Amino acid sequence: MYIDPHVHMVSRTTDDYVRMARAGCVAITEPAFWAGYDRSSVGGFFDYFRLLTDFEPRRAAQFGIRHHTWLCINSKESEDVGLSREVLGIIPQFLDAPNVLGIGEIGLNKNSRNELLILEEHIALAAKYQQMILIHTPHLEDKLKGTILIMDAIKAHGGISAGRVLIDHVEEHTVKPVLDRGYWCGMTLYPDTKCTPQRAVDIIEMYGNERIWMNSAGDWGHSDPLAVPKAQMEMRRRGHFESLVHKITFENPRSFLSQSAKFSAQPLTPTAADVTR
Amino acid sequence: MPESPDNTAPIRTKKATADAYFIEHRAKVLDIAAFLDRVDRAGGEDDYRVAALRVAISLLLDGKPERARRILELWSDQTTVPIGKAHMKGAVGCVDLSSSTDRST
Numbered sequence: 001m002y003i004d005p006h007v008h009m010v011s012r013t014t015d016d017y018v019r020m021a022r023a024g025c026v027a028i029t030e031p032a033f034w035a036g037y038d039r040s041s042v043g044g045f046f047d048y049f050r051l052l053t054d055f056e057p058r059r060a061a062q063f064g065i066r067h068h069t070w071l072c073i074n075s076k077e078s079e080d081v082g083l084s085r086e087v088l089g090i091i092p093q094f095l096d097a098p099n100v101l102g103i104g105e106i107g108l109n110k111n112s113r114n115e116l117l118i119l120e121e122h123i124a125l126a127a128k129y130q131q132m133i134l135i136h137t138p139h140l141e142d143k144l145k146g147t148i149l150i151m152d153a154i155k156a157h158g159g160i161s162a163g164r165v166l167i168d169h170v171e172e173h174t175v176k177p178v179l180d181r182g183y184w185c186g187m188t189l190y191p192d193t194k195c196t197p198q199r200a201v202d203i204i205e206m207y208g209n210e211r212i213w214m215n216s217a218g219d220w221g222h223s224d225p226l227a228v229p230k231a232q233m234e235m236r237r238r239g240h241f242e243s244l245v246h247k248i249t250f251e252n253p254r255s256f257l258s259q260s261a262k263f264s265a266q267p268l269t270p271t272a273a274d275v276t277r
Numbered sequence: 278m279p280e281s282p283d284n285t286a287p288i289r290t291k292k293a294t295a296d297a298y299f300i301e302h303r304a305k306v307l308d309i310a311a312f313l314d315r316v317d318r319a320g321g322e323d324d325y326r327v328a329a330l331r332v333a334i335s336l337l338l339d340g341k342p343e344r345a346r347r348i349l350e351l352w353s354d355q356t357t358v359p360i361g362k363a364h365m366k367g368a369v370g371c372v373d374l375s376s377s378t379d380r381s382t
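Protein sequences appear in the order of chains V and Y.
Terminal number for the first sequence in this note's numbering: 277, no gaps in between.
Terminal number for the second sequence in this note's numbering: 382, no gaps in between.
Simulated from the structure, these hints should not be mistaken for lab results.
Do not take every clue at face value.
As the list claims (entries may be wrong) - DSS-like, lysine-lysine: derived pairs with alpha carbons at most 30 Å apart: (1) Y:366 <-> V:176; (2) V:155 <-> Y:362; (3) Y:291 <-> V:230; (4) V:155 <-> Y:366; (5) V:176 <-> Y:305.
These numbers were taken from a predicted model, which means no experiment stands behind them.
This is chain Y alone, in the form it adopts within the complex (with noise of 0.2 Å):
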């Protein structure tokens, strides 16, 4: 297969890159399906980070290029200042959305 002139990017074409990764993310659309799915099901209170999982699908259908960049800056915390005490080790994955502002992407 060719590379491009700047030796990074080879050029394919959108049938080549269907034929190589069609397969493994049709079944990874069919488990947020299935998730969502399940979701669903279950009682309780919507959770904010299945929200913010529906608000960045949404993401993946408005014809936009960098779609992997923008969803990670959708989940960010957009905040600048130093927090006064880590109060946890880990991290959950996404801010919840309807409390956070500046949601640029």
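In isolation and in its complexed conformation, chain V is listed as follows (with noise of 0.2 Å):
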């Protein structure tokens, strides 16, 4: 049993949501992202929300896995200032929906002003709002540089308690800031980019078990669906104890997401057919 905290499921197909069910997956949560194009209007935001706290759910559920989603422009269309302003215009009317867990991904990209000024306004609304938030922290040379840029932004607002943030995709040099800081911390399994599954379970050895997890990411690049599982099997292969195994992707990502009253990783009755045959 596992809980899946980070899987863009709107790139992937029905045939994943059953591999996940049977390898055990009761729970995701789906941060908005960057759909791989700028979208030309607030109309496109709208539509991809509606997606998300619909759709989504739904065709998880056939499944046996309940979703959860996060709600934001991705920084990687957040140099557009206007259109952005007008997407962050919208989210509160869908803060009330009942897979809404907080604002995400959030954060920087290219670590630029305009992207630095938006994480501002997001950061602003999630207090506002007293929303969760999950950060997206940014690719390869920019990592670095953008996790201190987003863990100071978040600090000068004074709104938000660190408890209620977790900052995503850390490698070995952004760790121990993040939790030094007080934060949550993500490691997303990747085939190449982020951190490997045996990188991951390095990390828990050298950082410890407490208020980090483990997510997949899966999207529309080089990703895996089936990661955390994957991870899993990398920590029996070296034996750690279940216990263990358990905390990191079940009781760790549960204690986080439960902050919300709309998180649940109970059963679920699967309907869908192809769950079985």
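Two chains, two separate frames, one set of hints: put the complex together.
Now the structure itself:
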């Protein structure tokens, strides 16, 4: 049994839901993200948020998987400040949806001034509506700088509790600064550009098992929606107790996400025939 | 296999670790060797990313711990001020070490 707390099912097929269910996935959270192209209007985001709050939870439920989501305009599109502010303006009407856990994945991409400005406005929105935050940290050579800028922006706001923020995509050079500041952190299991399952387990062994989770961040790029159960196998291969496997891949994400009363990892009866045939 | 008291790191020997991981990392070293040979056979100017890879390889053999962290820091943008405008979506994997400063590892 596991939770994948960061996966972009909008980019995945129903067959992936079947495979995840069979591998033991009981709950997921899906942050709003960049679709691979810049959306041309706020209407594109309105329809995307409808998909995340209506269609996707119904699709997941067929396979016994509880679907939750986070809303935002991703930093890859926030260079356009005007469009970003239009999107920020429509988010509040979706916050009461039964599966919305908070604001995310917000953060930085290339660490630009406009990205930082829109990040600060997202942080203010989260504070105003008392929402949790899921943070995206930049890729590759931009990650270290962006992670520090993001944490500084949250601190500068002053109205956000570190324990209600998860900073995602940490690697060996960012995990300690994130944990030291009191945030939760996520390790994304990617074939090439983030953590492999082996490195993620190394990080747990070196930095401990508190306030940390693993996710697949499965999306339209090179990614693997079964990355979390594969990391479970890596932990078992090394001889870790089943209690630690369960803590990292179920108890830790449940603890963080349960700060929202909307989160549930309770068993859900699958209804789709695909799960059994 | 027994676990350490903090329930985090199983107690493993170097031999057991090599038994589990040697073959896959033997293959990765050969991939890097073949990649560098491929670069040498290719024409054109030297590439800053390959240069950064060569510097990182030197860290593998310096005998110090936390190689993964230090290599990630080596390849990272060490500046602290936001850039004026994002001109691309993606990242390339490392900065140009010949034009950057403060390469603390």
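Outcome of the hint check:
1. Y:366 <-> V:176: 27 Å, holds
2. V:155 <-> Y:362: 23 Å, holds
3. Y:291 <-> V:230: 23 Å, holds
4. V:155 <-> Y:366: 26 Å, holds
5. V:176 <-> Y:305: 27 Å, holds
Violated hints: none; the structure is consistent with every hint.
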